[in-house]
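Q: One-letter residues, chain by chain:
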Amino acid sequence: MVDIDAELSDEVVDVGLRTEPNLEVIAGLEPDLIIMLDNRTESVLQELQTIAPTLTYNPYPEEEEGIDQYEEMEDTFMEIAKAVDQVNAAEEVLEDLETIYTEANNTIDQLSLDTTEFTLAMGYTDNQAPVFRLSNPNALAVKILENIGLTNAYDSGSFESAGFATVGVEELTKIEESNFMHIVQDSDNIFEDHLSDNAVWNDLTFVQENNVFALGGDTWPYGGPLAAKTLVERTVAVLEEN
Amino acid sequence: MFQFQQLRLLLLGIFLLFLVSLVHLTQGQADYTWTDVLLTSWTDERLQAILFGIRLPRLAIGILAGGALAMAGLLLQTLTRNPLASAGTLGINAGAFLFVSAGAIFFPTVAANFPFLFAFIGSCTAAILVFLLVGRGMEPVKVALTGMIITLLFSAITSGLQLMYEQETNGLFLWGAGTLIQNNWAGVQFALPFILTTGMLLLYIGKSFDLLLLGDEGATGLGLATERVKIIGWILAITLAAATVSVVGPIGFIGLMAPHIVRLLGIKGHREQFVHTFVWGAFLLIAADALARFIQSGGEIPVGAMTAIVGGPWLMYLAYRMGRRYTSSKITLNGRESSLPLPVLYGALIFMTLGVALLSLMYGGGNFDSVQDLISGSLFQEFALRYRWPRVLTAFLIGALLALCGVLLQSVLRNPLGDPSILGITSGGGAGALTIIVLFPTLSFAFVPIGAVIGSTLAIVTILLATNVLIGNPSHSL
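Residue numbers (the numbering used here), protein chains in the order written: chain A, 268 to 509; chain B, 25 to 502.
Derived by calculation from the structure, the hints in this document are not laboratory data.
Mixed in with the good hints there might be a few duds.
[Unchecked claim] Taking lysine to any residue and the SDA-like style, the derived pairs with C-alpha atoms no more than 25 Å apart in a straight line are: (1) A/K441 x B/T64; (2) A/K410 x A/A429; (3) A/K441 x B/A73; (4) A/K496 x A/V354; (5) A/K441 x B/W66.
Sequences and hints are given; from them, build the entire structure.
A: In structure tokens:
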């Protein structure tokens with residue numbers, strides 16, 4: 268589960284996976300509006316449109332679209348707000364977010380960190396080996412952390428539409444001077460299971476100098492303003508603790 | 025003189041393996057060039073850690089796995105006297121994958137602590153099942169058919185599990201395609217003892233397998249305990265394949281290509297063949313992995329996919345040659361006269377079909393309608409008419425069409441396993457649909473079925489051509 272500043276109501280109904288929504292359940296709810304990820308399932312989209320007006324969005328814009336994931340997030344947020352007639356409230360949320368950024372920025376300035384460079388990683392086990400999704404410059408979460416005065420260290424060298432490259436431990440040697448911020452699930456603790464006796468990992472600068480920061484498995488590097496708020500708060504908290 | 029020639033070929037193989045291993049060691053995500061690896065690895069501690077902790081285990085498991093798969097392939101080909109036999113045909117891969125998936129879902133902690141255990145038990149289970157079902161004679165055709173059935177059964181259960189437990193089985197994608205990724209020496213430590221012991225035994229009893237090729241009667245006549253040698257052979261082959269698949273996942277075609285190369289080189293005698301095939305198998309697998317990493321240096325292309333790209337055409341070529349060499353064996357499709365009178369049989373079938381259809385119509389995706397809903401006519405309300413009836417009718421029609429398709433294919437190809445999915449017609453369709461999606465992402469969804477039709481047509485034409493069915497030689501389509 269993801270930790271954000273809001274709870275789902277008990278009345279929320281599970282309508283299936285985003286790739287295979289359960290049309291009958293959705294139709295049964297008689298919705299006024301359907302919002303879904305644009306994942307090129309035209310047949311499903313057509314079906315949904317016969318049920319209710321359907322709004323689609325794509326959080327992972329391609330390079331040639333000339334819009335980054337953060338702008339896309341704001342656009343989507345405002346578009347949904349318009350559709351549900353909450354434009355004022357939405358603008359307020361985005362303004363609050365800016366205030367949070369400014370405050371976080373000030374806190375981080377006062378911390379006088381060794382380096383403001385960071386790498387954001389989601390780590391997990393694949394085929395009994397630890398792998399990392401390292402965030403690329405175009406990632407939503409990278410833009411958020413740049414808004415609070417940190418600088419992104421990692422670039423895979425090619426455009427990644429989902430905003431990350433999947434790499435092994437070796438790749439970390441390229442960004443070992445940065446602060447290593449990671450999102451790892453408790454149920455898949457790669458640090459205890461695989462990395463504690465890994466010579467390459469133990470030799471990395473950020474491991475040696477204790478610049479490895481756990482943001483917690485329920486931090487959500489995607490999503491909207493509320494997820495962004497959690498990400499910022501957690502980042503500031505772990506940096507302050509150091 | 026002949027011995028000398030063989031030695032030269034072996035040295036050539038080892039030299040090639042050495043070269044490709046060097047290339048393999050220079051590949052990786054950290055920024056080191058091949059001169060660094062050769063020159064500064066003596067002093068650079070960081071590079072030593074990378075080489076020893078990450079790259080060497082990968083190389084070592086690659087050599088072991090390639091060699092073991094090749095030896096297992098050679099062994100199985102001798103035992104079944106079928107040049108197309110390999111570990112995959114025994115259901116070993118499907119068994120391993122099923123148990124790994126089940127382990128990840130139901131016993132995640134055990135699976136994390138003993139990573140290779142489930143795969144090993146799974147592959148052994150599958151092989152033993154095939155063994156038990158076929159019976160002592162281990163007749164080659166029966167083994168192939170039973171292996172196919174076990175594979176189908178286990179894969180179906182695995183897919184079911186993966187659908188139901190999408191999150192838990194997420195990290196198994198690479199495994200399902202075979203990969204050499206290693207985090208430490210644990211994989212090598214697990215596989216090495218098995219492969220070493222089996223390899224030694226194979227060298228020790230290698231001569232007996234030469235006699236097996238004379239046929240059961242000839243071999244027995246020369247004083248060989250045929251039955252015993254065969255059973256030992258099966259056990260060794262299963263051990264080799266199971267130990268490999270537990271660490272690197274299912275990697276196909278090495279067990280097919282390496283022994284074939286060795287035979288092409290003119291190596292005679294099983295003892296020599298085992299040694300040569302180990303080297304060539306290791307070479308092929310390391311080369312495939314090096315190539316995969318060369319093509320996509322950042323991410324990870326499963327090496328199993330790579331060997332399939334090279335091995336697929338090879339297999340087709342071999343099958344084509346076999347198809348020409350062997351004449352049609354007379355396979356009759358055995359049916360059994362039903363003991364039930366026809367009206368009763370039809371009645372029961374119709375009753376069952378209607379029952380299942382009713383059950384399916386009552387299911388709304390979330391829960392079943394109650395009997396009360398039924399009485400109040402829930403099946404004819406708008407939702408049911410719009411969403412459930414089309415689904416059930418489509419399923420009914422598709423099921424009927426697939427069954428028809430199976431009947432036709434089975435009688436045309438005179439093959440009791442003639443099913444569109446086994447023959448690759450379904451995969452052909454899938455490949456066609458994917459091609460359309462990948463190559464023409466802007467095309468409307470309506471074109472995807474067209475791609476599928478083209479793909480499956482190509483598949484069936486290939487099968488028919490390869491098996492010469494058009495000129496009346498229909499028995500090799502498996």
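Q: All the hints need checking, so say for each whether the structure fits it.
A: Here is how each hint holds up against the structure:
1. A/K441 x B/T64: Holds. A/K441 to B/T64 sits at ~18 Å (cutoff 25 Å).
2. A/K410 x A/A429: The hint holds at about 14 Å.
3. A/K441 x B/A73: Distance ~15 Å between A/K441 and B/A73 Cα, so the pair holds.
4. A/K496 x A/V354: holds, 19 Å
5. A/K441 x B/W66: Holds, at about 21 Å.
Comparing the model with each earlier hint shows no violations; every hint is respected.
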